[in-house]
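Asks: Turn these sequences into a full structure, and let the hints steer you where they fit.
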Amino acid sequence: MPDALKPVRCYVSLAGNNKIADWYDNLSAQERSDADEFIKDMRRTKDWMLPHYRPRLKGYKALGELRWTSEKKSIA
Amino acid sequence: MGCTHKGKVYDPADALIRPISENLKYKMERQERWSMTSKLEGKLQDHAYRTAFVASQINVGIPFQIKALMKTRGWTQEKLAERTGMLQPRISAILRPGKVRLNIETLRRFAEAFDCGLLVRFAPFSELARWSDTFNPERFDVPAFKDDLGFQHTDGTAADHAARIPPQRQIHTLPSVTQTVSSQQQGISVQACGSVAELAAEPRRDNVVVLPALSAVGCAPLGAPVSARGATGSTR
Numbered sequence: 001m002p003d004a005l006k007p008v009r010c011y012v013s014l015a016g017n018n019k020i021a022d023w024y025d026n027l028s029a030q031e032r033s034d035a036d037e038f039i040k041d042m043r044r045t046k047d048w049m050l051p052h053y054r055p056r057l058k059g060y061k062a063l064g065e066l067r068w069t070s071e072k073k074s075i076a
Numbered sequence: 001m002g003c004t005h006k007g008k009v010y011d012p013a014d015a016l017i018r019p020i021s022e023n024l025k026y027k028m029e030r031q032e033r034w035s036m037t038s039k040l041e042g043k044l045q046d047h048a049y050r051t052a053f054v055a056s057q058i059n060v061g062i063p064f065q066i067k068a069l070m071k072t073r074g075w076t077q078e079k080l081a082e083r084t085g086m087l088q089p090r091i092s093a094i095l096r097p098g099k100v101r102l103n104i105e106t107l108r109r110f111a112e113a114f115d116c117g118l119l120v121r122f123a124p125f126s127e128l129a130r131w132s133d134t135f136n137p138e139r140f141d142v143p144a145f146k147d148d149l150g151f152q153h154t155d156g157t158a159a160d161h162a163a164r165i166p167p168q169r170q171i172h173t174l175p176s177v178t179q180t181v182s183s184q185q186q187g188i189s190v191q192a193c194g195s196v197a198e199l200a201a202e203p204r205r206d207n208v209v210v211l212p213a214l215s216a217v218g219c220a221p222l223g224a225p226v227s228a229r230g231a232t233g234s235t236r
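Going down the list, the protein sequences come from chains A and B. If you're matching positions, the first sequence starts at 1 in this note's numbering and goes up one per residue. If you're matching positions, the second sequence starts at 1 in this note's numbering and goes up one per residue.
Please keep in mind that the hints were generated in silico from the structure rather than gathered at the bench. Mixed in with the good hints, there may be bad ones.
[Said to hold, decoys possible] Residues of chain A clear of chain B, computed beta-carbon distances all greater than 10 Å:
(1) Ser-13
(2) Asn-18
(3) Lys-61
[Unchecked claim] Partial chain A-side listing against chain B, Cβ under 7 Å, derived:
(4) Thr-45
(5) Pro-51
(6) Glu-65
(7) Thr-69
[Said to hold, decoys possible] Derived BS3-like pairs: lysine-lysine, alpha-carbon spacing no greater than 27 Å straight-line:
(8) Lys-43/B x Lys-73/A
(9) Lys-73/A x Lys-6/A
(10) Lys-71/B x Lys-46/A
(11) Lys-73/A x Lys-99/B
Here the structure is a predicted model, which means the values were calculated and not measured. Ideal Cβ positions, reconstructed from N, Cα and C, are used throughout, including at glycine.
Replies: Dropping the structure here:
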């Protein structure tokens with residue numbers, strides 16, 4: 001049985017727009033696969049810190065950006 | 001025959017036969033299996049994604065493995081750089097998922113630094129998917145050779161003997177075994193044989209046998225009497 005994963009939620013606007021899902025759908029196969037693998041491994045990682053994670057708002061540790069590289073492009 | 005609710009099909013057997021707690025547990029397990037396996041299985045139907053998935057396991061998955069091994073050993077990037085003969089900025093880049101395209105030679109250098117093995121082989125996608133599903137960076141650890149339980153024995157003397165015997169002078173297992181020293185749990189059976197004559201008669205095999213104490217199991221020597229250490233030497 002795989003270990004439990006940290007929940008990852010996508011922000012959905014009141015109108016039902018899911019920008020993250022739209023962004024994901026427009027990625028190439030390699031970028032999608034890299035994103036899946038990176039997010040899966042991060043969801044099992046206890047401490048999120050630089051360079052993989054950077055909080056974006058002071059005082060809100062859980063609100064930040066994940067950073068990885070795919071196809072020679074930095075993604076955050 | 002199931003019923004449909006909000007687009008989902010429910011099997012009545014799920015709800016009627018199992019008690020509530022068991023039913024909940026079953027549903028949770030099923031949900032877990034679905035989320036981990038079926039989603040990936042669905043994506044792998046696409047050939048382009050399948051191909052990318054293999055590359056992701058190397059370029060994204062391996063940095064997490066290296067980082068986990070550094071953490072368990074308490075190593076800094078500087079120490080790993082020293083051990084691999086690379087520069088620290090290079091290590092820093094390698095640790096960033098997807099940043100560097102890793103090749104086998106680079107991975108071999110990391111394996112050498114961590115004093116562990118490196119498996120590179122072709123495998124079915126189901127196996128790769130299972131590995132990806134179960135990999136946990138927090139729990140991942142590969143012991144160095146000296147801590148490898150697969151080569152350790154309950155009797156320290158036996159391990160010492162094994163280390164001293166050169167590969168071309170290995171002694172082999174015999175069918176007529178009088179004493180088994182180690183447990184099956186360790187994956188290696190260390191056995192003492194009945195006599196040196198049996199050793200001489202047995203054709204050579206690739207596995208290794210260590211003789212911790214021939215005298216303790218009443219070995220009948222071939223020719224002149226031999227001690228435990230002497231027996232090892234006499235069969236070379």
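Asks: Could you run down the list of hints and mark each one as holding or not?
Replies: Tested hints:
1. For Ser-13/A, the condition that its CB be more than 10 Å from all CB atoms of chain B holds, with the nearest at approximately 23 Å.
2. The claim that Asn-18/A lies off the interface holds: its Cβ sits roughly 17 Å from the closest Cβ of chain B, which is beyond the 10 Å cut-off.
3. Remark: the non-interface label on Lys-61/A is consistent with the geometry, its nearest Cβ contact in chain B lying 18 Å away (cut-off 10 Å).
4. At its closest, the beta carbon of Thr-45/A sits 5 Å from a beta carbon of chain B; the interface hint therefore holds under the 7 Å criterion.
5. Evaluation of the Pro-51/A hint against chain B yields a held restraint, the C-beta minimum of about 6 Å falling below 7 Å.
6. The beta carbon of Glu-65/A comes no nearer than 14 Å to any beta carbon in chain B, farther than 7 Å, and the hint placing it at the interface is violated.
7. Annotation: interface hint on Thr-69/A holds; nearest CB of chain B at approximately 4 Å, less than 7 Å.
8. Of the pairs offered as hints, the one joining Lys-43/B and Lys-73/A holds, with about 22 Å between alpha carbons and a cut-off of 27 Å not exceeded.
9. Restraint check for Lys-73/A and Lys-6/A: satisfied, since their Cα atoms lie roughly 26 Å apart, inside the 27 Å limit.
10. Taking the CA atoms of Lys-71/B and Lys-46/A, the gap is near 12 Å; set against the 27 Å cutoff, the hint holds.
11. Proximity of Lys-73/A to Lys-99/B is assessed by CA-CA distance (about 8 Å); at most 27 Å being required, the pair is judged to hold.
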